[in-house]
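**Q** Each chain is listed here by its residues.
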Amino acid sequence: DQQVKQNSPSLSVQEGRISILNCDYTNSMFDYFLWYKKYPAEGPTFLISISSIKDKNEDGRFTVFLNKSAKHLSLHIVPSQPGDSAVYFCAASANSGSARQLTFGSGTQLTVLP
Amino acid sequence: KAGVTQTPRYLIKTRGQQVTLSCSPISGHRSVSWYQQTPGQGLQFLFEYFSETQRNKGNFPGRFSGRQFSNSRSEMNVSTLELGDSALYLCASSFGGSPYNEQFFGPGTRLTVL
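Chains V and C are the protein sequences, given in the same order. Numbering of the first sequence is given in the working numbering, commencing with residue 4 and proceeding in unit increments. Numbering of the second sequence is given in the working numbering, commencing with residue -5 and proceeding in unit increments.
For the record, the hints were derived by calculation from the structure and aren't laboratory data. Positions of the beta carbon are idealized from the N, C-alpha and C atoms, including for glycine. Since no wrong hints were added, every one of them can be taken at face value.
Below are the DSS-like pairs computed for lysine-lysine, each with C-alpha atoms no more than 30 Å apart in a straight line:
| no. | chain 1 | residue 1 | chain 2 | residue 2 |
| --- | --- | --- | --- | --- |
| 1 | V | K59 | V | K71 |
| 2 | C | K51 | V | K8 |
| 3 | V | K57 | C | K51 |
| 4 | V | K71 | C | K51 |
| 5 | V | K74 | V | K57 |
Sample of chain V residues facing chain C (criterion: CB under 7 Å; computed from the structure):
| no. | residue |
| --- | --- |
| 6 | E45 |
| 7 | G46 |
| 8 | P47 |
| 9 | F49 |
| 10 | Q104 |
| 11 | F107 |
| 12 | G108 |
| 13 | S109 |
| 14 | G110 |
Isolated chain V (complex conformation):
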């Protein structure tokens, strides 16, 4: 049973427009959420995170929104650039003391068209 789901395997957006990537989770114990970006032949790199005490976190062109009642988070990229083309993974974790185990979604391939 996948606790973190990214239902769109791919997304194409025109350069300059907004990209919206979505993620749903089922485990109500998750209290910390992250987005990672992955280019081919490289490991994932951290993009942005949000704690469950917030509903929005912004970092430059990237904004993450969290809707706890719907168990849904989204990543907005504005404006989208061709260099943003990559696989985006959302991840979630529950606080278990000092250890954190990240549970990842299956990823969404974003393609930004010039």
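Add chain C to chain V, keeping to what the hints say.
**A** Same frame as chain V, but now just chain C:
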């Protein structure tokens, strides 16, 4: 500062064999986590080591094991390989002292089981 390194980058084995993968974390990082990435499944957590002790473990069979050395370098071993073990194996390191420490990923080891 050097990033997370993983060796080898590519590996081809046959069913029934065993394999050992290596991960060198960023200098100063004491936590190393291992993930398996397969198409459509995202990244699945294998285990985490902190100060030479396994601190967290995912839902993988006992054929998957790991260890961490005093210099924080970690190895992952898979015994009696199966075709389904073909995947990208990623390790990630962090300071590990706080559950909010960012995880930095290596480029991964691509394992193919024939």
